[in-house]
Amino acid sequence: MTLLTTVFAAIISTVVWYRNAPKDEMKVGILCWMYWGASLMWLVDAIYEYASLRAEYFTPAPADMLNDLYLGLSVVALGLIIWLARLFIKDPKGVVKEALLGSKK
Amino acid sequence: MACFMVPAAEAVITTIAAKSMESKERACESHASGNENADLEMNARVPFSKKVKWLNNLLWGGSALLAFEHVWHGEIIPSFPFLSAASDPAAAAEMLHEMGTVGVTMAALITIVWGGMVAVSSVIEKRALSAQTDK
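From first to last, the protein sequence lines are chains S and U.
Quick note on this note's numbering: the first sequence kicks off at 1 and runs consecutively.
Quick note on this note's numbering: the second sequence kicks off at 1001 and runs consecutively.
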């Protein structure tokens, strides 16, 4: 479930990046890299788990599935927080700088 | 248990490599400026340091999110030795085994995917370069 959640996040962020490419004012590219990197890593985890559990891997207990979904959503939220922090630090549109300097005037 | 540490270690190495490549490329660029053929090739090609940054982003991003998963499962703890498995020899052996299998496979898969991306981008660059020289 965590893998699935991250893959969906990766696909959505890639579509958003592609719509605005080659301009990347909102730095969505960083979200794509993060989610795809995590998806590939969890894919490996899933393959190893499948190798040990076989068909049982596809029938997880509802409580485990819910916990994994909760984890997946938390991971997506963390990715968004990292992206937002980076966006504000890089401030490509100068909005943060403008807001800070504007309030001083 | 600590599988994300293998891609994170690779990320440290590739980050250092990307930084050194970038400075070398800058030096080459300033050396070759003015040469028309070299300028044409530079415009059509993506610098290799930029391509290594793609790998960095995949490795750092994935490792950061996986580290969070390990915090979630209580495998990373806020006190020394920071990995819950490291305090017990049997668990530590299991952790090292997981790093050697799952961790290495993770790093290898990401590097293979990146290699594919580099290969595709090289083909696109070559086509763009030949289209420019044909004009």
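Bear in mind the hints are in silico, worked out from the structure with no lab data behind them.
All values reported here derive from a predicted model rather than from experimental measurement.
Possibly wrong hints are sitting among the right ones.
Residues from chain U shown here face chain S by an in silico Cβ test under 7 Å; the list is partial [stated by the list, open to error]:
| id | residue |
| --- | --- |
| 1 | Asn1057 |
| 2 | Leu1065 |
| 3 | Leu1066 |
| 4 | Trp1072 |
| 5 | Leu1096 |
| 6 | Gly1100 |
| 7 | Met1106 |
| 8 | Ile1110 |
| 9 | Val1118 |
Note that beta-carbon positions come from the ideal geometry of N, C-alpha and C, so glycine has one too.
Going through the hints against the structure:
no.	hint	verdict
1	Asn1057	3 Å, holds
2	Leu1065	4 Å, holds
3	Leu1066	5 Å, holds
4	Trp1072	5 Å, holds
5	Leu1096	15 Å, violated
6	Gly1100	12 Å, violated
7	Met1106	5 Å, holds
8	Ile1110	5 Å, holds
9	Val1118	15 Å, violated
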